[in-house]
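Q: One letter stands for each residue in the lines below.
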Amino acid sequence: MGVLVSNSLVLSGVLFTIGILTVLLHRHPVRIFLGIELMLNAANLVLIAANRNHYCTSWPTLDGQVYAFMVIAIAAAEVAVGLAIIVALFKRRARVDVDEINLLRG
Amino acid sequence: MVLETIGWWIWAALAVACAVGMISARNPVHAALWLVGNLIALAALFLVLAAPVLFAIQLIVYAGAIMVLFLFVIMFFMSPQARQWLRPPLRTQVLFAGILAVAFVVLLYIGFAGGGVEMAYSDLVQADVAAEGSELLTPGLPVALGTWMFSYHVLPFELTSLLLLVAILGAVMVGRDIAGEGRSEVAESAAVIEHKREAG
Numbered sequence: 001m002g003v004l005v006s007n008s009l010v011l012s013g014v015l016f017t018i019g020i021l022t023v024l025l026h027r028h029p030v031r032i033f034l035g036i037e038l039m040l041n042a043a044n045l046v047l048i049a050a051n052r053n054h055y056c057t058s059w060p061t062l063d064g065q066v067y068a069f070m071v072i073a074i075a076a077a078e079v080a081v082g083l084a085i086i087v088a089l090f091k092r093r094a095r096v097d098v099d100e101i102n103l104l105r106g
Numbered sequence: 107m108v109l110e111t112i113g114w115w116i117w118a119a120l121a122v123a124c125a126v127g128m129i130s131a132r133n134p135v136h137a138a139l140w141l142v143g144n145l146i147a148l149a150a151l152f153l154v155l156a157a158p159v160l161f162a163i164q165l166i167v168y169a170g171a172i173m174v175l176f177l178f179v180i181m182f183f184m185s186p187q188a189r190q191w192l193r194p195p196l197r198t199q200v201l202f203a204g205i206l207a208v209a210f211v212v213l214l215y216i217g218f219a220g221g222g223v224e225m226a227y228s229d230l231v232q233a234d235v236a237a238e239g240s241e242l243l244t245p246g247l248p249v250a251l252g253t254w255m256f257s258y259h260v261l262p263f264e265l266t267s268l269l270l271l272v273a274i275l276g277a278v279m280v281g282r283d284i285a286g287e288g289r290s291e292v293a294e295s296a297a298v299i300e301h302k303r304e305a306g
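Residue numbers (our numbering), protein chains in the order written: chain D, 1 to 106; chain A, 107 to 306.
It should be emphasised that the hints constitute simulated quantities derived from the structure, not laboratory data.
Be aware that a few hints might be false.
[What the hints assert, rightly or not] Label-pair restraints from in silico Cβ distances:
1) A:V272 / D:R92: 21 to 27 angstroms
2) D:V71 / A:A119: 43 to 49 angstroms
3) A:V200 / D:V71: 18 to 24 angstroms
4) D:I74 / A:V200: 30 to 36 angstroms
5) D:V10 / A:L247: 24 to 30 angstroms
6) D:V71 / A:R132: 41 to 47 angstroms
7) A:V278 / D:R93: 19 to 25 angstroms
[To be verified] Stretches of chain D that chain A covers, calculated by requiring three or more beta carbons in the stretch to come under 8 angstroms of a beta carbon on chain A:
8) 29 to 40
9) 70 to 77
10) 82 to 93
Built from N, CA and C at the ideal position, the CB exists for glycine as well.
Pulled out of the complex, with its shape left as it was, chain A reads as follows (with noise of 0.2 angstroms):
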């Protein structure tokens, strides 16, 4: 119990301090970098708050497969030339930002400090209590996690898969290469409307 405290506060701290580094980067390459590290730390607490299988998968798939996609179209895409993430955001963007921040800070307040806490809470001290000889105290491995999804959600799991489908066929489709295409077909279609109008 105060191991989990130690690992869940460190990982915490880790996981916050990489997602300032992530706001306050310059470089865009840096950002993505954060951006992992700060998946990693959210992996760590996937693992305290006892979802292992999640862990695994945020560590394979988010901080491996798509923080690898981002960086290779920052680096890629992104000239060294082209410094325009060096360019600073608009005051009233600042002012804006900051107002919003307050706000949801504020909001959490409220939130948390008007009971929701506190509710959690009791809940679990009774919960502790009743679940001291239940066979789900491990429901984070593989086979609970498996048995509940293919038992109560296989429709969602099964959807997952077309919309999978169908953002790979997006994706090619939008990033085809057609020399010219947008703005010729712009300047086709203005042509025949020309052409129509002469003819009328």
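Chain D on its own, in the form it takes in the complex (with noise of 0.2 angstroms):
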């Protein structure tokens, strides 16, 4: 069970890269949003795998899925407002590239 927590832990290390590799590679929001959304997952990953860890210690807890389930909530919320934005910079801009993007106004 150990092993298995650990390669968690390390698997989600090189999705986070992944994610992290999505936004600096990529030049259009919609692609950055979709690097941002795998490291939440990454994130995520952690925590239950760190769940698992410690649920069979002498002081089980399962604070790790709870706070997994609220990552989970709170990227829906982001999600919902990140895309309304660029939802709006689609109606206002015949061009999208974050390089042009400095302003959230007008």
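Now that you have both chains on their own, put them together as the hints suggest.
A: See the structure below:
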């Protein structure tokens, strides 16, 4: 079981790195957003793996799973607002490139 | 135990493969679909790590609702003629991304090889023995998770509902359609300034 947990931590690191690379390498806001989602999920994997590690100690908790639940809810809120902003950008500009978007008005 | 490990490796490989597909896909619709595959693989990993409730939530909320939202936005607002996503990344972008990726891997290696994993593992060897007779051996069950959440985390749970409400309001406000709103406001304020300058 311990191998599974520690392997999950490494896997989460790999997925988080891929998420960071997506954010750094792409210039379209939707693609960058997909990378952010990947990073959030990597963090969730850590929380759940850590919880798996923790609940078979002498003081078992389920905090990790509750935190992962909260992260999913907050990610949903973030996606709603972020995609609304991206849609507003699409409406106002023909070309959408994060290099050219430096104002949140007009 | 062996079955668990085999399942873990299969789903982990799928998760990494889908993530790589997501970063390298040219078409954003394909990228979103790769991410759906990645989310499903992660959900299966949650199941392997004894979190069946989060497995279900991940499938319904993430792979279902959120990714459908993404696909809607991509399909409605990205015309196939405007192939902006084909533009290659800047050279400095690639350089910095490479440096940061290498740095992150080194950091991971230091963190994991420097005792983190071993500590977790040695803790677990004792913990597994200690937890043999514990009644919390199936802690991911809905009853256990619900009891835990509403015993110790009621306030964050309620605050989450408030956050979702605010997010809905924000999304509606940002997304509402008023023709030429931003531009006309700027023009108006410029006109007002001009007018004041003339008057003064």
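Q: Each hint needs a verdict: does it hold in this structure or not?
A: Hints, one by one, checked against the model:
1. A:V272 / D:R92: 21 to 27 angstroms: holds, 24 angstroms
2. D:V71 / A:A119: 43 to 49 angstroms: violated, 24 angstroms
3. A:V200 / D:V71: 18 to 24 angstroms: violated, 30 angstroms
4. D:I74 / A:V200: 30 to 36 angstroms: holds, 31 angstroms
5. D:V10 / A:L247: 24 to 30 angstroms: Since V10 of chain D and L247 of chain A have Cβ atoms about 28 angstroms apart, the given range 24 to 30 angstroms holds.
6. D:V71 / A:R132: 41 to 47 angstroms: violated, 30 angstroms
7. A:V278 / D:R93: 19 to 25 angstroms: Holds: the Cβ-Cβ distance is about 21 angstroms, inside 19 to 25 angstroms.
8. 29 to 40: Holds: 7 residues of the region 29 to 40 of chain D have a Cβ under 8 angstroms from chain A.
9. 70 to 77: holds (count 7)
10. 82 to 93: Answer holds; 9 residues pass the 8 angstroms Cβ test.
Going through the hint list in order, the structure does not satisfy hints 2, 3 and 6.
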